[in-house]
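Engineer: Listed below, chain by chain, are the residues.
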Amino acid sequence: MNAQGVVRLAVNGRPIEVPAGTSVAAAVARISPMRFRDSVHGMPRAPLCGMGACFECRVHIDGRAQLRACMTPVREGMQVTTHD
Amino acid sequence: MIERCDVAVIGAGPAGLAAAHAAASHGARVILLDAQPRHGGQIWRHDVAHGTPPAAQAAIQALSGKVEWRAQHQVVAADGRRLLAETPDGAVEIDAGHVVIATGARELQLPFLNWTLPGVAGAGGLQALAKQGWPLAGKRVLVAGSGPLLLAAAATLRKHGAMVVGIHEQASAARVAAFAAQLWRWPARAWQAARLRVALAGVPYRCGSFVQAASGDTQLRGVELRDADGTRQVECDYLAIGYGLVPNVELAALLGCALDRSGTHARVHADDLLCTSVPGVYAAGEALGIAGLAAARIEGSMAGHAAADAVDAARALAPARIRERAFAGLLARHFALDPRLRTLATADTVVCRCEDVPLSALDDCPDTRSARLAARCGMGACQGRICGAALAELGRFPNDGPRRPPLFPARLATLAALPFRPTTEIEP
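Those sequence lines, one after another, are chains A and B.
Residue numbers for the first sequence follow this note's numbering, beginning at 1 and rising by one.
Residue numbers for the second sequence follow this note's numbering, beginning at 1001 and rising by one.
Okay, chain B solo, but in the shape it has when bound:
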């Protein structure tokens, strides 16, 4: 089946929703697709027990009757602006005049002893699972890692009945205080931070503290914490841990868009109107680098306007975008990772969870290609999404994750439906 549209928006989080709305407002025929069963992306994920956040509801309702919504459509291949999506009912081809990439971000995980135990999950990961109905009532959860997301995750977990035994932020108290002192420049964020403080009343928040190991046999029993006073063991049922976010750039790379590789993690390169290096392909939100909800919404609108050739409407939002993007720098400066976190993985620590590859297996691998060929690292189902980002952070080699089709493991029937030969060059 082939569907045609003026604008295809990939990703239905805040950026994608805004992009679809903006493009449709100019009369464009818009298809909005997401691999998830519902709109919202991660930050606006629907909560089975507590519903959809009001701002998300409004953004979703605004699309009603104006945008064609395709849930559970996972884009696995592309040729120019023809996209091949896998759905529960088979493959779908979408032929788009313009494409907006709003693929968001995933959590950064750093390997440590026993991080593969059931019960160890991402901070945003356990938050997402809680919203899916994961039973947490009465469970002891320790939240750790870095960044403001830890507070939001802890608040959600508590709302679902978890006992949050502590939040352990790796950044020093001085850095966190300096970050908080700057928040007045973003009043919506200051307000959110204040609300989270109320929601988390009584939960210890420790700075300069990190998890250096987990313990348990077949399931998590506790963690070993380290701070200025030394190390100590804490029993818990779950560890919710995350070290910030990594842009999802794989689709952009597949479409041939240039990436900015100046930082540890690649992000999509775009011009002032959010056009990527490929004409007709735009990007918005976290795929352009981690800057948060407000920037994602503005950029989504900009990209949607631009993709519908409404250049003036896009340009009018540029100043607001620059202001919100400044938050990205603030985050990166104040939540920079403690170098000791990069030494938690030892020779025996599994880094590639899909293939059970220990760190020592990569000692003679200078790049991801040799890691794949010699050690099978990054060859599993996640295609290096988790280990690639971790190894880039550990300083092993740059993350140049999947950019050849299929972008995600796909059924043979889907690949057989490939109406075109993928044009992406095969690496030598």
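The following block holds chain A by itself, in its conformation from the complex:
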């Protein structure tokens, strides 16, 4: 986080800046199309519950799979990968 309270991270390799305290889910929502994960049949999915119950917001963060984006605050330099 820099002095202005802005955190820089990358979503699918694309750099973005968001206010500190933002969740990874909210950061991912800034890129389009909105697609957090692919369902078993390959359909795009995005968060439903926003509170850690539905697991629709699962993403890769810094190489770790299956993390709930809605429960993870952004960190400087974070690398987020969606739908794979």
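FYI, nobody ran anything at the bench for these hints, they're computed from the structure.
Take these hints with a grain of salt, some might be off.
Said to hold, decoys possible - To give an idea of the chain A side of the interface with chain B (calculated C-beta under 7 Å), a few residues:
| id | residue |
| --- | --- |
| 1 | Ile16 |
| 2 | Ala26 |
| 3 | Ile31 |
| 4 | Ser39 |
| 5 | His41 |
| 6 | Gly42 |
| 7 | Met51 |
| 8 | Gly52 |
| 9 | Ala53 |
Said to hold, decoys possible - Residues from chain A that keep clear of chain B, each with C-beta distances beyond 12 Å, as calculated:
| id | residue |
| --- | --- |
| 10 | Pro15 |
| 11 | Gly21 |
| 12 | Pro47 |
We put the beta carbon where it would ideally sit given N, CA and C, even for glycine.
Keeping the supplied structure of chain A fixed, place chain B upon it in accordance with the hints.
Structural biologist: Positioned in the frame of chain A, the structure of chain B alone reads:
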């Protein structure tokens, strides 16, 4: 790593915060843990753009120096009152003298055509996402479902710049009016309702109206509404929909606490002092059945006092608790679901979002066990939290969601840290 404490409080919403405070006031060593990164639970969730509600700030500050706070601790297993929590830095074991379950509630979703499209979210769900910084400025949001939460969600969304194109309450206008007429008995709620009306000035509020389908290819484009005049299409970027709340009872079940299964959704059974059927394990707030913020705060205090063996202090709050719990009955009566909502899911509608299981796949399944084994319904990451509640509401079979460890998907390293063999019986 093993931590020891007199009282472990699981869940840092209004009930858990009150419980931690009450227990600590008697000198107990208290650990308060929550899977979320911040205190507040859902109703008191911190808003990245607008801060923490003043009442929540006060409740959080009151714990400073008195309670040990453990953020991002997700309890995944337990043996008696030894809890295993997964954290971003590995597994933590907590050995507690007493446990207070303040796990709150989640939203009830009912499946309908295309409810899996990105852009369809819970009402409380999109509210939570907005508070996390989800960009909504200029987005057209239609709010639908049932209950007072729709108004609170709509107000938050509007505050974040969304254009709320309408609020569609499935209950009839007569029922909603009858509900409003009773609110004077709970002045804090009447005041909140009045404030929400001001915040939502100009937003259409339609009763007897529900969403029967969503449309879009890879993202939501619009919804089909149904009311007494028939059906119509409305374009929108987001649908924020929820049919009320379901108690989170999975941890209580894992600890062996008896559940009250008399209603559609199970709730934790507790005595007058909020002790569950397991000695030393207490419960407070929505896990005991949906009754709202005021009841949760009182029950949290009661459970915290009781867990610190301050029985008189707990008992003194019982009358206030009964008064607030009466609100639960009022909610259930006036926002009872229209039976047509249970017919929106057709044979092809996905009910289990984790495994893409359509409703028709469950036709020969008499219970959740057969649904899991034969159709993989409820076998995915959410472990039946979403589809289980929905299917109970649809009258398919009772929701007997996860109650075996791990309660949430956990890393192998966490499970390897299990210092004990889970004692929960494996289903035959």
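Engineer: Can the hint on Ile31(A) be confirmed by a CB-to-CB distance to chain B that is less than 7 Å?
Structural biologist: Since chain B brings no Cβ nearer than about 10 Å to Ile31(A), farther than 7 Å, the hint is violated.
Engineer: Any CB of chain B closer than 7 Å to the CB of His41(A)?
Structural biologist: holds (5 Å)
Engineer: With a cut-off of 7 Å, does the beta carbon of Ala26(A) approach a beta carbon of chain B closely enough for the hint to hold?
Structural biologist: holds (4 Å)
Engineer: How about Gly42(A): closest beta carbon in chain B under 7 Å, or not?
Structural biologist: Nearest chain B Cβ about 9 Å off; hint violated.
Engineer: At a threshold of 7 Å, is the proposed contact between Gly52(A) and chain B supported by beta-carbon distances?
Structural biologist: holds (6 Å)
Engineer: Quick check on Ala53(A) please, does its C-beta sit within 7 Å of some C-beta on chain B?
Structural biologist: holds (4 Å)
Engineer: Minimum Cβ distance from Ile16(A) to chain B below 7 Å?
Structural biologist: With Cβ-Cβ at 11 Å, over 7 Å, it is violated.
Engineer: Classify the label on Pro15(A) as holds or violated, using whether its beta-carbon is more than 12 Å from each beta-carbon of chain B.
Structural biologist: holds (16 Å)
Engineer: Can we trust that Pro47(A) is non-interface, i.e. its beta-carbon lies farther than 12 Å from all of chain B?
Structural biologist: Violated: least Cβ distance 6 Å, not greater than 12 Å.
Engineer: Is the interface hint for Ser39(A) satisfied, with its Cβ closer than 7 Å to some Cβ of chain B?
Structural biologist: holds (5 Å)
Engineer: Double-check Met51(A) for me: the hint is only fine if its C-beta lies closer than 7 Å to a C-beta in chain B.
Structural biologist: holds (5 Å)
Engineer: If we take the beta carbon of Gly21(A), is the closest beta carbon in chain B still more than 12 Å away?
Structural biologist: violated (4 Å)
Comparing the model with each numbered hint stated earlier shows that hints 1, 3, 6, 11, 12 do not hold.
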